[in-house]
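Asker: For the protein sequence lines, the chains are S and X, in the order given. Counting with my numbering, you get residues 79 to 302 for the letters of the first sequence. Counting with my numbering, you get residues 60 to 536 for the letters of the second sequence.
Be a bit skeptical, because a hint or two may be false.
Computed cross-link-like contacts, DSBU-like style, restricted to lysine-lysine with a CA-CA straight-line distance of at most 30 Å [said to hold, decoys possible]:
(1) X/Lys319 x S/Lys235
(2) X/Lys292 x S/Lys84
(3) S/Lys84 x S/Lys185
(4) X/Lys228 x X/Lys291
(5) X/Lys228 x X/Lys292
(6) S/Lys150 x X/Lys291
(7) X/Lys319 x X/Lys228
(8) S/Lys257 x S/Lys150
(9) X/Lys319 x S/Lys290
(10) X/Lys292 x X/Lys223
(11) S/Lys290 x X/Lys228
(12) X/Lys223 x X/Lys291
(13) X/Lys197 x X/Lys130
(14) S/Lys290 x S/Lys257
(15) X/Lys197 x S/Lys84
(16) X/Lys130 x X/Lys223
(17) S/Lys235 x X/Lys223
(18) X/Lys130 x X/Lys259
(19) S/Lys150 x S/Lys84
(20) S/Lys185 x S/Lys235
(21) S/Lys235 x X/Lys228
(22) X/Lys197 x X/Lys259
Sample of chain S residues facing chain X (criterion: CB under 7 Å; computed from the structure) [to be verified]:
(23) Phe82
(24) Leu85
(25) Gly87
(26) Asn160
(27) Glu223
(28) Phe226
Pulled from the structure, derived: some chain X residues nowhere near chain S, Cβ distances all over 12 Å [what the hints assert, rightly or not]:
(29) Val203
(30) Phe217
(31) Met293
(32) Val340
None of these hints come from the bench; they were simulated from the model. Because the structure is a prediction, the values reported are computed rather than measured. Quick reminder that beta carbons are idealized off the backbone N, C-alpha and C, glycines included.
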Amino acid sequence: MRTFAKLFGRSPFVPLRTHMDKASECVAKAAQAIDHFLAGEFEHLAELAEFVSRLEHEADRVKNDIRNHLPKGMFLPIDRANLLEILATQDSIADKAENIAILLTFKHMPVAQAIRADFRLFVDKNLEAVQAVREVVHHLDELMESGFGGAEADRVKGMVEGVALKEHEVDVIQRRLLKTMLAREADFTYGEFFLWTRLIQQVADLSNLSEKLGNMIRMTLEIK
Amino acid sequence: MEATTVLIGLTILFGFYMAWNIGANDVANAMGTSVGSGALTLRRAVLVAAVLEFSGAFLVGAAVTDTLRSKLFDTSLLDPLTLGCGMIASLLAAGVWLQIASYFGWPVSTTHSIVGAVVGFGCVAVGVNEIEWGEVGKIASSWVVSPLMAGAVSYILFRIILVKVFYKKNPVAAAHRITPPLVFIVLTVMLSVTGLKGLKGMWPRMGIEAPAPALIWLAAVLIGVTGYLIAKKMLSRAHVDEHPENNHLLNSYVARGLEKAGMHLRRVADTSEGVIQDRAVALLEQVDALAADARHTAMQLPPTNEFREVERIFSYLQILTACFVAFAHGANDVANAIGPMAGALEAFRDGAVNAKAAVPLWLLALGGVGIIIGLATWGWRVIETVGKRITELTPTRGFCAEFGAALTILVASVFGLPVSTTHTLVGAILGVGLARGIGALNLTTMRDIVASWLVTIPAGAGLAIVFYFILRAIFIP
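Just chain S, same shape as in the assembly (with noise of 0.2 Å):
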């Protein structure tokens, strides 16, 4: 009678998308952080990034619990291992955000005029794509369904493509940037261009970490 209860682990895919969830929370208090940074609000910085730290750790704890509940013997549709990179990288997404929304704290520096257009656009950017990911973690559950292959699996294969076209459309934007910065060096100062290559590389991580999020994704489909 216990053989089936015990033969029956529980299911990772649905903690997965909490968890993906929970990173994107995280997305989105940094980019409210980044709006106020933008709009010249300080006051509120540190305590949305307090804010973030703690959703940060949330999602740290869904983490924990998924890895708790998938033991070496555990058989999934997916490779084990492929699962925890999975996760490996959705809690990347989180720490990212957690470190954006810090880095915004630390100097309150003026934006210049000439990066502010560009800035907003590329935040944007990275936002979509954290979103576009999201929305392929959340069809895990219909990719299980569905044995992971047909139609589901093109449609996923789409979205996955659709993340990475974001991804590129960021690379062009972060490198107008950089050109732009450099080409008006003298309006920074050393601390302040250091701390703008940071958080714009941070910023660009978001959607690095979800085109690979997006690709790991479709390694687990069977598409022939």
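Using the hints, position chain X against chain S.
Answerer: Using the frame of chain S, we list chain X on its own:
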């Protein structure tokens, strides 16, 4: 004379306890999957199980009973009293061992315990050399083969359902198409297996001459066709949502075609000049907009509802296979209680060992009733618990696993091989898991099952020997 009465009482008591145990614990294996997937409510599952377990035990149970009663060693070598005491000891040993195993939560099988116990008793009563090791080996190998066979059948069936239903652009319509043929296959295969071999012992007892195999086969096909037609009729009444506009856009050819069109237009726009270039650019914008719309629609359509509908359709198929699992389980497992009981009762009543005599019908009925009482008093609770724990198994998965298991158990039953229902079903579920059907399966359970095979035989045998010597000391002067 008085001792014999006591012994007959003990036989019935322990045999009945064994049947009760099977009903209380093992029926959950057959029905728990259906309750877990929501195909059957608990009340219906118990009713279906009661009816079909009894029919299985009553109609097909004799073959396996014969194996356990008289095929493991030559019973005519023993005097009736010794045989009777040995059979009681075997029942008691299996019962005690099951109690110990369930206390520790080991995945031990009723079948394995009783076979181990009877063989153990045989070893001390007639000697190791007199045991029909060929027969024992056949049974033991069936314990390895049955999970493998069930797993293979379930794997193949689930792959077929994946490709034919879940991979399709419109899974609901595909499920509607595939259901009637599946009903036909399930009914025809199961009924011909039962009819051709399983009922062999039943015809003469009912005073009917056994019908020609062709006739049985024809009847099975006819019932299959009837099932096909009924399924078709029921499904045609159900509403099919074709989503014509969405499916057209969902089509990956559409997306790919638009992508290619855009690529070619871009090439035209890059290489041409003047009016042609202007028109190409305008067209390119239109194509891009169309492609974006197509992608948007494809992503917005939630497929969850479609899959839910597919599962709903398959829940009817799963009820069908659950019935066969219950039937097959009754046919195979009733012997675990009735086999030794029949041997003992004959010995006491007739005072002579007659291995050739048919298993009396009333005994099969008694076993069936014992199973039902076990189910009614305790088993339903176990079904509920098991059902709650295995919600992972949706009707499509459950259908495949149950079909594989039911077919395997039924085939084993008609060959008189006592196999473990639990282990067979575990094999079937692993088959579905290998086809990427189940979220998470704990493979350490497999290790525990293999370990339980290795432990149960000596444990059952050892206990049977101990109880046999105790009974002999008391009842045999």
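Asker: Going by Cβ atoms only, is S/Phe82 closer than 7 Å to chain X?
Answerer: Status holds, d = 5 Å.
Asker: Minimum Cβ separation between X/Val203 and chain S greater than 12 Å?
Answerer: Non-interface label on X/Val203 holds, nearest chain S Cβ at 17 Å vs cutoff 12 Å.
Asker: Would the hint linking S/Lys150 and S/Lys84 be met if the CA-CA limit is 30 Å?
Answerer: Holds: S/Lys150 and S/Lys84 sit about 15 Å apart, inside 30 Å.
Asker: Taking the closest pair, is the beta carbon of X/Phe217 still more than 12 Å from chain S?
Answerer: violated (8 Å)
Asker: Between X/Lys130 and X/Lys223, is the straight-line Cα distance small enough, at 30 Å or below?
Answerer: Violated. X/Lys130 to X/Lys223 sits at ~45 Å, over the 30 Å cutoff.
Asker: Do the alpha carbons of S/Lys185 and S/Lys235 lie within 30 Å of each other, as the hint requires?
Answerer: Distance of about 42 Å is beyond 30 Å: violated.
Asker: For X/Lys228 and X/Lys292, compute the direct alpha-carbon distance and say whether it is at most 30 Å.
Answerer: holds (24 Å)
Asker: Given the hinted pair S/Lys290 and S/Lys257, is their alpha-carbon gap at most 30 Å?
Answerer: This hinted pair holds, its Cα atoms lying about 26 Å apart.
Asker: Quick one, are X/Lys197 and X/Lys259 close enough, alpha carbons at most 30 Å?
Answerer: holds (21 Å)
Asker: Does the structure keep X/Lys292 and X/Lys223 at a Cα separation of 30 Å or less?
Answerer: It holds: about 21 Å lies between the C-alpha atoms, which stays within 30 Å.
Asker: Is S/Lys290 within 30 Å of X/Lys228, Cα to Cα?
Answerer: Holds, because 28 Å separates the two Cα atoms, which is no more than 30 Å.
Asker: Taking the least C-beta to C-beta distance, is S/Asn160 closer than 7 Å to chain X?
Answerer: violated (13 Å)
Of the numbered hints stated above, those contradicted by the structure are hints 2, 3, 6, 8, 16, 20, 26, 30, listed in ascending order.
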